[in-house]
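> Could you slot chain B onto chain P? The hints should help.
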Amino acid sequence: MELLVQMLWSLPVYQQQEAFFWFIPLIAAAVVIGGVALFSGDSYPDVKTFAILGMQGAGKTQFLANLRNKKYDEYEATLGIEEYGTFSFKLNNGKNITVKGCKDIPGGEEWISEYYGDFIRNNEFLFFLFNGYNYVNDYKYRISVQARMEYVHRNYLSGKAKGVYVFATFADQFKSKEERQNAITEIKSSVNGKTYAGFLSNFCLLDMRDKEELMKILSQIFPNNE
Amino acid sequence: MNNILYTQNESATKSNTIVVDGVSYNDMNTGVAQEALRFVNNKSSLKGDYVSILNILKRMRKVESQNLQFKKDDDGVFIKACFKEKDELGRKMPFLYYCKTDNMLDACKQLIASAKELNRTCYENDINALLNVSKYLAAGVSISLIILILIIWKM
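Residue numbers (the working numbering), protein chains in the order written: chain P, 873 to 1098; chain B, 18 to 172.
Possibly wrong hints are sitting among the right ones.
[To be verified] DEER-style ranges, computed between Cβ atoms:
1) Gly957(P) <-> Ser28(B): 27 to 33 angstroms
2) Gly957(P) <-> Asn149(B): 38 to 44 angstroms
3) Leu162(B) <-> Lys920(P): 41 to 47 angstroms
4) Arg1026(P) <-> Asn19(B): 36 to 42 angstroms
5) Ile163(B) <-> Arg1081(P): 43 to 49 angstroms
6) Gln1053(P) <-> Asp44(B): 25 to 31 angstroms
7) Glu1085(P) <-> Ile160(B): 41 to 47 angstroms
Worth flagging that the hints you see were computed from the coordinates, not collected in a lab. As the structure is a prediction and not an experimental result, all values here were calculated from the model. Cβ atoms here follow ideal geometry from the backbone N, Cα and C, with glycine treated the same way.
The following block holds chain B by itself, in its conformation from the complex:
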């Protein structure tokens, strides 16, 4: 499994969809689809990377998905967020995505392409945050250091 996209459909009465390596499944109780669902759900339950930075970005409204989370490990890149499209109840439609790569840019490109296949769109802000989260961290640390130096200097 190199690529998994699991998402909700527009209607609450319609089954969710999981796309594994380009093949779409609605029944997730057997075979590849079940395995893929277990895999992305396990990834979703792990502590994500840069959680505090993402929380700050959520509070600052720099990202759109309040559930935005990602994890990069030996298996690849896992992303949890929402699509721009809403379901019939007016809720943002969430997704869990996994890509076997060690490159976040590559993962994001593949995510956007897989979403397009399902007529879904990712939020640009969320993608930007995923690509630049380490820069945000570096900027935050630099600002904190400058403030600390200024405080010490004034004392």
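So here's chain P without its partners, still in its complex pose:
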């Protein structure tokens, strides 16, 4: 820049004026690009670390497929840790989020003692998924979900997570809006007095295949003015 200014001043006056006119469109373009980047929310990508946790068959792989904008037509369960590296997605509110070092850890019990602890403690945003329909209708399943939430809570306290977001999935299996509302009330009241009750104070009941709904929810979790 200094060199450019020196070159400009070393020119004769009439050439200096001519050279200055050449800079006007460049400056204008820079101002416009800067303004667009600032107001569109596309400025710097926001880098975060996610841990996707939860029960087997709750929709963890579908959740990640939605974020990564990948098709998940050929439903295959996950067995063994899948590493997704770094990927980005854009929310409805214009915010760009980059997720670093994301892993898909299977929901089987055997993975908990071995991998869940570090996974919970070392990530900023924890997403916990369980099948909402099974939770309401299968007492054994409910007990397993609660045991796992208790485990997440214990490790969350000693970790660096900024928040835990709970998704009760398979909302489509409830036949009406009323049934869904009843399920939400029942799920909330089932954890009254538990240490992890706070996780469910603002949980969502959704169909994980509904990408639009998921993105709406994530836009609320990650507002653009953050």
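Relative to the frame of chain P, chain B by itself:
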């Protein structure tokens, strides 16, 4: 441990199963089963062999399991894929398999036999791909060379 088959069950609420040298375990938090699980999971996290060829075959729909992966090393043969059977959510049931052998045909035969014990079936296309992956690579290289020669010749 000469033979390990770790797989999911039909129900999401039912524990997964690991079969180590013919013995089936549902609790994988202790002993042989835990050791076997750690072993196959470590193998699963390593970069597989012929990854790009398998990716091409997946795109061409020449294999059925989108998670198909294998690794042949000093320990033996490791295979990751799905069975034909689906779970209650309609998802293909995946498996991790290890066999202490240096022969892929032998590993595939033992895999099919172990799967049968659990009433599971492997996809023929996946087995064919595993047995012929080096031939696919050779065919791909030959075709690329012919195309390159033709391009140079036309120039």
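> A separate judgement is required for each hint: does it hold in the structure or not?
Outcome of the hint check:
no., hint, result
1, Gly957(P) <-> Ser28(B): 27 to 33 angstroms, "32 angstroms, holds"
2, Gly957(P) <-> Asn149(B): 38 to 44 angstroms, "30 angstroms, violated"
3, Leu162(B) <-> Lys920(P): 41 to 47 angstroms, "46 angstroms, holds"
4, Arg1026(P) <-> Asn19(B): 36 to 42 angstroms, "38 angstroms, holds"
5, Ile163(B) <-> Arg1081(P): 43 to 49 angstroms, "45 angstroms, holds"
6, Gln1053(P) <-> Asp44(B): 25 to 31 angstroms, "39 angstroms, violated"
7, Glu1085(P) <-> Ile160(B): 41 to 47 angstroms, "46 angstroms, holds"
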